[in-house]
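Participant: First to last, the sequence lines map onto chains A and B. My numbering numbers the first residue of the first sequence as 1 and each following residue consecutively. My numbering numbers the first residue of the second sequence as 593 and each following residue consecutively.
Honestly, the hints are just simulated from the structure, not real lab data. Even for Gly, the Cβ is constructed at its ideal location relative to N, Cα and C. Hints may be right or wrong, so weigh each one.
Stated by the list, open to error - Computed from the model, here is a short list of chain B residues facing chain A with C-beta under 10 angstroms:
#1 622
#2 677
#3 919
#4 934
What the hints assert, rightly or not - With a straight-line cut-off of 30 angstroms between C-alpha atoms, the simulated BS3-like cross-links for lysine-lysine are:
#5 782(B) <-> 823(B)
#6 237(A) <-> 923(B)
#7 452(A) <-> 618(B)
#8 340(A) <-> 923(B)
#9 781(B) <-> 735(B)
#10 400(A) <-> 603(B)
#11 400(A) <-> 615(B)
#12 749(B) <-> 823(B)
#13 400(A) <-> 602(B)
#14 782(B) <-> 615(B)
#15 400(A) <-> 618(B)
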Amino acid sequence: MEHTFAVSIGGAAGQGVATPGNIFARIFARRGLHLNAYNAYQSIIRGGHTFLTIRTGPERVNSFGDRIDLLIPLNQDTMDRHLGLLGPGAAVVYNGDTVKPGAPADGVQLCPLPVSQLTKNSRNKVEQNTLAVGAGLSMMGIGFQPLAEVLTHQFKKKGEAVVAENIEVARSAYDYASSHFQPFARPLPMTDSRKAVLTGNMALAMGGAAAGVKFYCAYPMSPSTGVLHWMATHARKAGIMVRQVEDEIGVVNMAIGAAHAGVRAMCATSGGGFALMTEGLGMAAMIETPVVVIDVQRAGPSTGVPTKTEQGDLWQMLGAGHGDYPRIIVAPTSVLDCFKVIPEIHNLADRFQCPGIVLTDLLLSEGTSSVDSADLDFDVEIDRGDLITSASSNGTNGYKRYLFTESGVSPRAIPGVPGHNHTVATDEHMEDGVLISDEFTNPIKRRAMMEKRQRKTAGIEAAVAPPALIGPADADVTLIGWGSTAGVIEEAREILTEEGITANQLQIRWIVPLHGDAIVEILKRSHRTILIENNYSGQFARYLRSETSFVPDGYIRKYDGEPFMPHHIVDAVREQLAGQITMSVPMHEITV
Amino acid sequence: MSTTVPPPPKKVNRIGLEVLNYKGSKTTLCAGCGHNSISERIVECFYELGVEPWTIAKFSGIGCSSKSPAYFLGRSHGFNGVHGRMPAIATGALLANRTLLGVGVTGDGDTASIGIGQFIHMVRRNMPLIYVIENNGVYGLTKGQFSATADLGSTLKTGTVNDLPPFDCCALALRWGATFVARSFSGDKKQLQAIIKTAIAHNGLSVIDVISPCVTFNDHQGSTKSYSYMKEHESMLHELDFVPYYEDIAVEIPEGEVREVEMHDGSHLRIRKLHRDYDPTNRLAAATLLEEADARGEVLTGVLYVNTSKPTFLEQLDLVDQPIATLPESKTRPSRAVLDQVMEELR
Ligand SMILES: Cc1ncc(C[n+]2csc(CCOP(=O)(O)OP(=O)(O)O)c2C)c(N)n1
Ligand code: SF4
Ligand SMILES: [Mg+2]
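Let's have the full structure, built from the sequences with the hints guiding it.
Facilitator: Right, here's the structure in full:
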């Protein structure tokens, strides 16, 4: 990522940070530029501080980065808090009438806009945002036309007058910036492939559509609500039954009821809601009904920090529900991966008739990223596994729902198929499914049924490829991460390489099955291993140790609610390689 | 000449099935448990009406009552869920396949204690489902603790007195949207049959609260859910007859003595007035009756309320006729045109 450019817009919630953010994102994506955006915000609908960073560039942008090139403070508070983050070459564009700059670092350009003068002909109030976008684009060397197009698109519902007014003020700011401010040193290039821009939550929902999900239900909980919003907005058009249910207990049971009847069903929540779902998840495992649950992690415990990110639910997923049962857990590694993982896990859950859990976090789910449209493949293979949906005869043919098989997977007939009636029960059962828990004081039968279910784990493991090392085989250090940290670790490796430290990366996507042997095989060749995760206790480190006895040389952890930035990792790795420390907990410098 | 006598023709129902096709496995509940009588009524009703067993989906939670689906409709589909969560499970399954005929069987603990939230939300949805509460005032399966339908002041075998008032599931169902609400007694074969058959004919949620004594833990002096208490305190609203749609109803009935309600499928519920002037379509009147009976210490049984015109959840959702569970794979994903539109929104 040789050339990137980051814009940060800050203000009070409700001040309209999102609109200029969307405009920048659209313009970048239409120029064929990649982008990655992260919004640091507080759990207040109006008034709390919001700080959105959009980073763009001609190559894939893996994180929101370390450097801000253009700061747009919509209020004094943002100016005061964040001006200090700017370094040489950066600029701050602000309303010169209302916001006073502090003392910037050397080489930072102050760009006050005379807002009242530039907007004297207009009646609209929120336009200082549009002005800043106009000025910023002019300094980035992007022509005015793309902004005019996006503004037309953005405001067309409000009527022509509003469109015209917005274009006019944007133009005046654009021209003002051209004649009064220094342009940025490197103008932003263009590529010819227009990108699609989406959040992780949208990608998860769209992945559901691609997977043929017909039933989605949820109870709103940040930061998972975006999935429900996409689903609800597109339900009719896309032909998906979408229901908001009274609580997460209802959600998971309804999804399982629907899945059991034969549709692909999915739901999403965050840790607190997931806690309520665990009894249902065990039920799905026991009756061998596939269901996919997405857990979007936020900082816990309890309701914790609803608007902040963490990788703190891993053990909750590993231990969800009582008793032993096969489950599948996957942690997608990017916004695009959020899309791809959903059909994959539905196929596996269907094939192995067990619950599938998708573990994302606020960073990924609410983060925005550009994606090549062609990568959003809606024709992926759908594998429903051994599913019986019709039969010609209604005779009693001795169908056994839980037939003992070598794979542990028994052909699954849906309710209503003649000749295949059966009972599914949360109590232990025999091959025909009949609820005779009393008989399961019979140890031979209980053991046989337990082993039948558990045999599926071997099949699941074989169906998923083991993780692979990325980067040079013989590197100074191997960075281990899981799920959402993929991008930031990759960027940290690039920076380290420039500094003369070679690093490779083992990013774990499939949590269960883990492929422990393959992981150890890779890691035992590493000179030094450092495990990076966004939680306090090193949940993945503990899991890896419990499964493989492997103990890495060092750890980098963060549990302040904010994601890693590349320099956090780079500095920590440098420190650990140089000295004796094996545990780093970087400080987050941006506070909102 | 042969002297062997041909076996007598087997008795079958109108779709040619013997009653065996409607039975389940042998009950493992206590002898004399009210739940067993209810299972028998369910077998008779579905057999007599000639419902195809494989179109029926049984749902239950956890409890002695919730175990009972194993003892009826053995050729139907069954789902024994977790404690108190059957309403959501049934809702999901019936939304996914609207052609299934849902029969839920639950207990007073399953519904009124752990599952009261799910119950009320289900009531609100008016999902087509027959929901039978086998109400014995205790948790039979966990050895006889009070449930949330136990009457204030009633006692356990140990002498423990219940210190909280009961939930009346019929009152809740009436108030929040069920479209067929009835109460019965497991010992009243005729009334319970007519009620279950009417529920089968009803299009919407049927809540049937059946007092079903637990002989092992709640059939003693001091219980208000015992056989003897019911003998003394049951107050029947009326006598009921169910006339299925395929039977002739031409019999003339004298005006004023009988009230007829036509059900969704053309069947008729005939209500013979006993001692009360009663309109089963008047929800407010039904609520008042319940309150009054309560004040008198009576257990009112019969059909409390029928509403054949309120749209069901399925109608309200404007769901396609074909079950979404069995759509061909080509129809499980959004169309190309929709996807193009979705992609356009992202640029
Ligand atoms: C979550 C949960 N809590 C507790 C139990 C234990 N339990 C099983 S059945 C039952 C009560 C059943 O009472 P009811 O629904 O009235 O059924 P009955 O046995 O009286 O027919 C309880 C508390 C359970 N299975 N699950
Ligand atoms: S314990 Fe009570 S409810 Fe359970 S089977 Fe025996 S009599 Fe019936
Ligand atoms: Mg009970």
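Participant: Would you mind marking each hint as holding or not holding in the structure?
Facilitator: How the hints compare with the structure:
1. The beta carbon of residue 622(B) is not positioned within 10 angstroms of any beta carbon in chain A (closest approach about 13 angstroms), and the interface hint is therefore violated.
2. For residue 677(B), the suggested interface contact is upheld, since its CB lies about 4 angstroms from the closest CB of chain A, less than 10 angstroms.
3. Taken as an interface hint, residue 919(B) checks out: its beta carbon lies about 7 angstroms from the nearest beta carbon of chain A, inside 10 angstroms.
4. A distance limit of 10 angstroms between C-beta atoms decides the matter here; for residue 934(B) the minimum to chain A is near 7 angstroms, and the interface restraint holds.
5. With a C-alpha separation of about 15 angstroms, the suggested pairing of residue 782(B) with residue 823(B) holds against the 30 angstroms cut-off.
6. The straight-line distance between the Cα atoms of residue 237(A) and residue 923(B) is roughly 13 angstroms, inside the 30 angstroms bound, and the hint therefore holds.
7. Our distance criterion of 30 angstroms between C-alpha atoms is met by residue 452(A) and residue 618(B), whose separation comes to about 27 angstroms.
8. Restraint check: the Cα-Cα separation between residue 340(A) and residue 923(B) comes to about 20 angstroms, which is no more than 30 angstroms; the hinted pair holds.
9. Using a Cα cut-off of 30 angstroms, the hinted pair residue 781(B) and residue 735(B) holds, with the two alpha carbons roughly 27 angstroms apart.
10. Using a Cα cut-off of 30 angstroms, the hinted pair residue 400(A) and residue 603(B) holds, with the two alpha carbons roughly 29 angstroms apart.
11. Between the alpha carbons of residue 400(A) and residue 615(B) the distance comes to roughly 19 angstroms, so the proposed pair stays at or under 30 angstroms and holds.
12. Only pairs whose Cα atoms come within 30 angstroms are accepted, and residue 749(B) paired with residue 823(B) is accepted, the gap being roughly 20 angstroms.
13. Using a Cα cut-off of 30 angstroms, the hinted pair residue 400(A) and residue 602(B) holds, with the two alpha carbons roughly 28 angstroms apart.
14. A threshold of 30 angstroms between alpha carbons decides the hint, and for residue 782(B) with residue 615(B) the separation of about 19 angstroms falls inside it, so the pair holds.
15. Proposed proximity of residue 400(A) and residue 618(B) is supported: the alpha carbons are some 19 angstroms apart, at most 30 angstroms.
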